[in-house]
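Working from the sequences, and respecting the hints, build out all of it.
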Amino acid sequence: MQPRIDFYAASPDAYKAMLGLENAVSKLGLEKSLIELVKLRSSQINGCAYCIDMHTADARKDGETERRLYAVTAWRETPFFTGRERAALAWTEALTRLSETHAPDADYELLNEHFTPKEMVDLTVAINAINGWNRLAVGFRKMPEA
Numbered sequence: 001m002q003p004r005i006d007f008y009a010a011s012p013d014a015y016k017a018m019l020g021l022e023n024a025v026s027k028l029g030l031e032k033s034l035i036e037l038v039k040l041r042s043s044q045i046n047g048c049a050y051c052i053d054m055h056t057a058d059a060r061k062d063g064e065t066e067r068r069l070y071a072v073t074a075w076r077e078t079p080f081f082t083g084r085e086r087a088a089l090a091w092t093e094a095l096t097r098l099s100e101t102h103a104p105d106a107d108y109e110l111l112n113e114h115f116t117p118k119e120m121v122d123l124t125v126a127i128n129a130i131n132g133w134n135r136l137a138v139g140f141r142k143m144p145e146a
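Those letters in the sequence shown? Residues 1 to 146, per UniProt numbering, in order.
In short, the hints are calculated from the structure, not lab data.
Some clues are possibly wrong.
DSSO-like mimics (lysine-lysine), calculated; alpha carbons at most 27 Å apart, straight line [what the hints assert, rightly or not]:
1) Lys61 / Lys16
2) Lys118 / Lys32
3) Lys27 / Lys118
4) Lys27 / Lys16
5) Lys61 / Lys32
6) Lys27 / Lys61
7) Lys16 / Lys32
8) Lys118 / Lys16
The structure is reproduced here in structure tokens:
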């Protein structure tokens with residue numbers, strides 16, 4: 001695939017707005033490791049090679065294991081994730097595939113078991129942010145460095 005446009009350069013104001021949201025997400029108080037798993041899973045679903053590359057590298061830098069990173073695509077079938085992480089990953093999948101799932105009650109109830117109302121909203125904003133980045137990167141074919 002060939003890159004289409006450099007969305008950073010094409011609209012610096014839009015890029016600043018996205019960075020503002022990303023900065024806000026980083027200050028919401030959710031565990032960094034959890035946020036990286038969410039970013040990775042959403043990026044996998046959306047087929048965002050750039051973001052998958054970035055978030056696996058970021059997670060490794062923060063101490064995430066290779067084993068868990070490899071298993072994110074099959075997180076339901078592995079014993080490697082906590083109940084809280086499983087709830088976040090289920091919610092990530094539900095919201096990333098919103099047109100298919102309509103955010104099922106079962107996923108919401110699981111989320112409600114492991115997160116406070118504030119954390120539920122904060123996690124949802126984090127999911128929204130990575131989906132926005134994925135849409136920019138996939139739409140404009142942002143490529144990871146070789």
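**Asked** Hints broken by the structure, by number, lowest first?
**Response** none
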